[in-house]
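A.B. asks: The chain contents come next:
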Amino acid sequence: MNAPNERSAELAGIGEARLRKEDARFIQGKGNYVDDIKLPGMLFLDVVRSPLAHARIKRIDTSKAKAIPGVLAVLTAEDLKPLKLHWMPTLAGDVQAVLADDKVCFQMQEVAVVVADDRYIAADGVEAVEVEYEELPALVDAKAALAPDAPVIREDIADRSEGAHGPRSHPNHIFTWEAGDRAAADAAFAAAEVTVAQDMLYPRVHPCPLETCGCVASFDPVRGELTTWMTSQAPHIVRTVVGLLSGLPESKIRIISPDIGGGFGNKVGVYPGYVCAIVASIVLGRPVKWIEDRIENISTTAFARDYHMSGELAATRDGRITGMRVKVIADHGAFNSHAQPTKWPAGLFSICSGSYDIPAAYARVDGVYTNKAPGGVAYRCSFRVTEAVYVIERLIDVLAQKLSIDKAEIRRRNFIHREQFPYTSAFGWQYDSGDYERGLQKVLEAVDYEALRAEQAAKRADPDCPTLMGIGICTFTEIVGAGPSKACDVLGVGMFDSCEIRVHPDGSAIARMGTINQGQGHPTTYAQIIATELGIPSDRITIEEGDTSTAPYGLGTYGSRSTPVGGAATAMAARKVHAKARKIAASLLEVGEADLEWEIDRFQVRGDPERAKTMKEIAWAAYQHAPSGEEHGLEASYYYDPPNFTYPFGSYLAVVDIDRATGETKVRRFYALDDCGTRINPMIIEGQIHGGLTEGFAVAMGQQMPFDAQGNLLGNTLMDYFLPTAVETPHWETDFTVTPSPHHPIGAKGVAESPHVGSIPCFSNAVADAFAHLGVTHLEMPHSAYRVWRQLHASGVAL
Amino acid sequence: MSTRTVTMSVNGEQRRAEVEDRTLLIHFLREQLNLTGPHIGCETSHCGACTVDLNGVSVKSCTVLAVQCEGAEVLTVEGLAEGGVLHAVQEGFHQQHGLQCGFCTPGMLVRSYRLLQDNPDPTEEEIRAGISGNLCRCTGYQNIVKAIQYAAKRLKEAQSVSA
Ligand code: FES
Ligand code: FES
Numbered sequence: 001m002n003a004p005n006e007r008s009a010e011l012a013g014i015g016e017a018r019l020r021k022e023d024a025r026f027i028q029g030k031g032n033y034v035d036d037i038k039l040p041g042m043l044f045l046d047v048v049r050s051p052l053a054h055a056r057i058k059r060i061d062t063s064k065a066k067a068i069p070g071v072l073a074v075l076t077a078e079d080l081k082p083l084k085l086h087w088m089p090t091l092a093g094d095v096q097a098v099l100a101d102d103k104v105c106f107q108m109q110e111v112a113v114v115v116a117d118d119r120y121i122a123a124d125g126v127e128a129v130e131v132e133y134e135e136l137p138a139l140v141d142a143k144a145a146l147a148p149d150a151p152v153i154r155e156d157i158a159d160r161s162e163g164a165h166g167p168r169s170h171p172n173h174i175f176t177w178e179a180g181d182r183a184a185a186d187a188a189f190a191a192a193e194v195t196v197a198q199d200m201l202y203p204r205v206h207p208c209p210l211e212t213c214g215c216v217a218s219f220d221p222v223r224g225e226l227t228t229w230m231t232s233q234a235p236h237i238v239r240t241v242v243g244l245l246s247g248l249p250e251s252k253i254r255i256i257s258p259d260i261g262g263g264f265g266n267k268v269g270v271y272p273g274y275v276c277a278i279v280a281s282i283v284l285g286r287p288v289k290w291i292e293d294r295i296e297n298i299s300t301t302a303f304a305r306d307y308h309m310s311g312e313l314a315a316t317r318d319g320r321i322t323g324m325r326v327k328v329i330a331d332h333g334a335f336n337s338h339a340q341p342t343k344w345p346a347g348l349f350s351i352c353s354g355s356y357d358i359p360a361a362y363a364r365v366d367g368v369y370t371n372k373a374p375g376g377v378a379y380r381c382s383f384r385v386t387e388a389v390y391v392i393e394r395l396i397d398v399l400a401q402k403l404s405i406d407k408a409e410i411r412r413r414n415f416i417h418r419e420q421f422p423y424t425s426a427f428g429w430q431y432d433s434g435d436y437e438r439g440l441q442k443v444l445e446a447v448d449y450e451a452l453r454a455e456q457a458a459k460r461a462d463p464d465c466p467t468l469m470g471i472g473i474c475t476f477t478e479i480v481g482a483g484p485s486k487a488c489d490v491l492g493v494g495m496f497d498s499c500e501i502r503v504h505p506d507g508s509a510i511a512r513m514g515t516i517n518q519g520q521g522h523p524t525t526y527a528q529i530i531a532t533e534l535g536i537p538s539d540r541i542t543i544e545e546g547d548t549s550t551a552p553y554g555l556g557t558y559g560s561r562s563t564p565v566g567g568a569a570t571a572m573a574a575r576k577v578h579a580k581a582r583k584i585a586a587s588l589l590e591v592g593e594a595d596l597e598w599e600i601d602r603f604q605v606r607g608d609p610e611r612a613k614t615m616k617e618i619a620w621a622a623y624q625h626a627p628s629g630e631e632h633g634l635e636a637s638y639y640y641d642p643p644n645f646t647y648p649f650g651s652y653l654a655v656v657d658i659d660r661a662t663g664e665t666k667v668r669r670f671y672a673l674d675d676c677g678t679r680i681n682p683m684i685i686e687g688q689i690h691g692g693l694t695e696g697f698a699v700a701m702g703q704q705m706p707f708d709a710q711g712n713l714l715g716n717t718l719m720d721y722f723l724p725t726a727v728e729t730p731h732w733e734t735d736f737t738v739t740p741s742p743h744h745p746i747g748a749k750g751v752a753e754s755p756h757v758g759s760i761p762c763f764s765n766a767v768a769d770a771f772a773h774l775g776v777t778h779l780e781m782p783h784s785a786y787r788v789w790r791q792l793h794a795s796g797v798a799l
Numbered sequence: 001m002s003t004r005t006v007t008m009s010v011n012g013e014q015r016r017a018e019v020e021d022r023t024l025l026i027h028f029l030r031e032q033l034n035l036t037g038p039h040i041g042c043e044t045s046h047c048g049a050c051t052v053d054l055n056g057v058s059v060k061s062c063t064v065l066a067v068q069c070e071g072a073e074v075l076t077v078e079g080l081a082e083g084g085v086l087h088a089v090q091e092g093f094h095q096q097h098g099l100q101c102g103f104c105t106p107g108m109l110v111r112s113y114r115l116l117q118d119n120p121d122p123t124e125e126e127i128r129a130g131i132s133g134n135l136c137r138c139t140g141y142q143n144i145v146k147a148i149q150y151a152a153k154r155l156k157e158a159q160s161v162s163a
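Protein sequence lines correspond, in order, to chains A and B. Residue numbers 1 to 799, in my numbering, belong to the letters of the first sequence in order. Residue numbers 1 to 163, in my numbering, belong to the letters of the second sequence in order.
Think of the hints as simulated: they come from the structure by calculation, not from any bench. These numbers come from a predicted model, not from an experiment. A virtual CB, placed ideally from N, CA and C, is assigned to each residue, including glycine. Incorrect hints may appear among the rest.
[Said to hold, decoys possible] Straight line, CA to CA, 16 Å or less: simulated EDC-like cross-link-like pairs of lysine to aspartate or glutamate:
| no. | chain 1 | residue 1 | chain 2 | residue 2 |
| --- | --- | --- | --- | --- |
| 1 | A | K21 | A | E544 |
| 2 | A | K30 | B | E31 |
| 3 | A | K576 | A | E590 |
| 4 | B | K146 | A | E733 |
| 5 | B | K156 | B | E91 |
| 6 | B | K146 | B | D121 |
| 7 | A | K21 | B | E91 |
| 8 | A | K38 | B | E31 |
| 9 | A | K583 | A | E597 |
| 10 | A | K38 | A | D117 |
| 11 | A | K143 | A | D199 |
| 12 | A | K327 | A | D199 |
[Claimed, not checked] Have a look at the derived ranges for each label pair, beta carbon to beta carbon:
| no. | chain 1 | residue 1 | chain 2 | residue 2 | range |
| --- | --- | --- | --- | --- | --- |
| 13 | A | R25 | B | E31 | 16 to 26 Å |
| 14 | A | S508 | B | S9 | 37 to 47 Å |
| 15 | B | E125 | A | P89 | 50 to 60 Å |
| 16 | A | K58 | B | Q32 | 51 to 61 Å |
| 17 | A | P221 | B | E31 | 49 to 59 Å |
| 18 | B | E125 | A | K486 | 31 to 41 Å |
| 19 | A | E127 | B | K153 | 45 to 55 Å |
Required output: the full structure, derived from the provided sequences and hints.
C.D. replies: Structural data, given as structure tokens:
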């Protein structure tokens, strides 16, 4: 019998830096992404898009396109009308045109689709479709959306005074959402010794995973069954939506998310391309593939952010925050199709009091329509949490500067202290656990913060110093793992998640989940949870996700919900299996269940460890002769409805050197300490953090989607849209503390989004800090060399 | 659309096929030869997901016509392993967690392979510059750098053994 710690290591369970099981296929070119799927008779669909942001469609002539050999069909809104599919419901209680009906409301909007024998012919067909437009004035500036004379974007709902989230005050008004206690916050401001205010724009950006969106729809007219492979982060809810739209029973719809080349929020929604491919397959009786190209991806499928925020803090003279107010104009584009829990039009934005004990707070978000693409997804973050963290982490720096208090010190003065958890914020969130001082302290020591500040002071004193040095700190708290079904649903479906485990007779196992991997390492880490819970080596556990016909229903992977919700379901399903295994062991060993002890991979008789049954033996027995009163087999499923969200947190510190001649910002050092509770696989966590920091770096330093006054998107290729290469990407230093979540079965909180959420304000804080001695409190993102160079000139410090 | 016959060696195998003049190498590989390792991330030669080795040089196969490859030698990710044994770069990416979603990986691997052929002992800076034509949205590159360093070490060890 091998020693317990050897057995434990052999299992490669929770806490082990286990190498990834799924790598083998990817490193050999054997991944199975949606564009790799090839079916007999498959056709290709391509989309005719509007060159104008706002225009009436006068005429569409498809005859030339239809005449091209190899073009099988051209569909417009007129063709979808009899099927009532020219509009579709969105996840946010609005409707969206599948193909433009009478007018187009954003540049690159879907106007018609061409279905052809291959992608080249389909592209020829798109070229040949003639569309005549009458241009209308475009509304680009969200802040002007509610002006009395603003162009009306959505004529279809212009006269509706009630929207999905309450009254509407203007044809371009989508919703007004409020949180916190306005009167209490106003009172805090009235009584405040000091107040600060800062406007800031979180620009429109795009998640831009390396693989674009796409699908292969295959309708079998004989069986009446629809199978669709789709790059979806939420295949089960897509099945429900497709059922609603098509009238097919869900039992005849199978959505399969194959390998996904990154999601980051871009692959949550249901897009017109999917609907058109499905319709085309049903109409033509052949499989139809639609894959968007990069320009279509950036231009049309699910942008993120676009929050015009005005934040204020009230405080005492010694820097203790007494109140917070935030107002936001949220640019949702032409249709409200952001992907959030249905009841939360501004997501979880009211986490914006952050890591600080703020007694009174109020937030208001007004969503408006503009002539831009719809979306508003959570780009590597929980719903609107990035925006929330940005506003508080910027404001606290502005306050520190006003009061000449050190930026680490002001955070310490306002932290929610360890003994205050569980803590209820002024917005009503119940923070599960935290230890903010410890994390910040560890970071400050690791980088020798005092020395850095001394170096900065010396550099500021030297007029010839070629650089401005900035130190950015961010001590963020996230809210992830949506979510408790009493608070969160998508189209009425509660946001639980699920796991089903089957242990086979030989003691190996398969587990299927309602979540879906996009590179986060699910096939590796879920197996580790089961290994620890059940004593089965991870290498003998297969994880499957993404096929709605085999996996239990789940809400999918976004908003860092896989570990908090799916991981919890996994542990709970394993515990059900474990309970049955205990019964079988007791029967085999002829003792009472209470006389058994669990020891890594076996039950042994208390006080007589030689009498034991391993999980492998129990599995065999479960199929051989079940104990009386028990069914055969060894399996269980669990639908986990989380009692609360989880609240991962971290302390980040960036040191930047800005070239006074060129405005280029060099990240000298970036130190990221994360606390995600229990750590399942440190190697994967570190990888997720590197990736999230890099995406955060991209957002802070270069990403944006600029529009001209006509609503033309000025940067929709990878030439213009900043994705950092290995050369620009800084070197990352990572660290951690562990403060388990008290309500999660294994104490885990989720981690992959923290580095994105936390690093963006950290970079902005560092850049602003470089100018702090010059009276600058804020610079708008992205901090491109050009913008920083302009600030150098404005501040009179350019070389 | 006019077509012509092209002949090229792909992963050491002679392949002959009829292609349209306008067929891109990436589409030829993926759709006619069913080599779906190389991916399409942009079609504008920015992302590098489609990187293959063409006559000993890394190229973005979305920006090469199949007809330009007449008589050429093409290597894709599918041809890196030999006799069922993974190439050192493949092993390195696995060992050092140099991939997440895996979409950039085939291009990264083929690029890394060529980088190490050209420069068997690269510095970190040379590695970063050497893979700067290949974008990765998931890893932040740090572990990819480590993976390539791992492979460089492996290849050197193998060489000293054979020498
Ligand atoms: S697809 Fe060729 S470089 Fe992006
Ligand atoms: S691993 Fe996903 S793009 Fe590189």
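A.B. asks: B:K146 and B:D121 were given as a pair; does the straight-line alpha-carbon distance stay at or below 16 Å?
C.D. replies: holds, 13 Å
A.B. asks: The hint says 49 to 59 Å between A:P221 and B:E31; measuring C-beta to C-beta, is that right?
C.D. replies: Given range 49 to 59 Å: violated, Cβ gap about 26 Å.
A.B. asks: Please check whether A:E127 and B:K153 have a Cβ separation lying inside 45 to 55 Å.
C.D. replies: At roughly 51 Å between Cβ atoms, B:K153 and A:E127 fall inside 45 to 55 Å, so the hint holds.
A.B. asks: Take a quick look at whether A:K21 and B:E91 sit within 16 Å of each other, Cα to Cα.
C.D. replies: Given that 16 Å is the threshold and the Cα spacing comes to 13 Å, the pair holds.
A.B. asks: Under the criterion that the straight-line Cα-Cα distance not exceed 16 Å, is the pair A:K327, A:D199 satisfied?
C.D. replies: holds, 9 Å
A.B. asks: Given the proposed pairing of A:K30 with B:E31, does the C-alpha separation stay at or below 16 Å?
C.D. replies: holds, 15 Å
A.B. asks: For the pair we were handed, A:K143 and A:D199, check the Cα-Cα distance against 16 Å.
C.D. replies: Distance ~13 Å between A:K143 and A:D199 Cα, so the pair holds.
A.B. asks: Hey, A:K576 versus A:E590, does the alpha-carbon distance stay inside 16 Å?
C.D. replies: violated, 21 Å
A.B. asks: Determine whether the Cβ-Cβ distance between A:R25 and B:E31 falls within the hinted range of 16 to 26 Å.
C.D. replies: Holds, at about 20 Å.
A.B. asks: Given the range 37 to 47 Å, decide if the beta-carbon distance of A:S508 to B:S9 lies inside it.
C.D. replies: holds, 42 Å
A.B. asks: Using the beta carbons of A:K58 and B:Q32, state whether their distance is inside 51 to 61 Å or not.
C.D. replies: Cβ of A:K58 to Cβ of B:Q32: about 41 Å, so the range 51 to 61 Å is violated.
A.B. asks: Would the pair A:K21 and A:E544 pass a check requiring their Cα atoms to be no farther apart than 16 Å?
C.D. replies: Given that 16 Å is the threshold and the Cα spacing comes to 12 Å, the pair holds.
Going down the numbered hints, you'll see the structure goes against 3, 16, 17 and 18, while the others check out.
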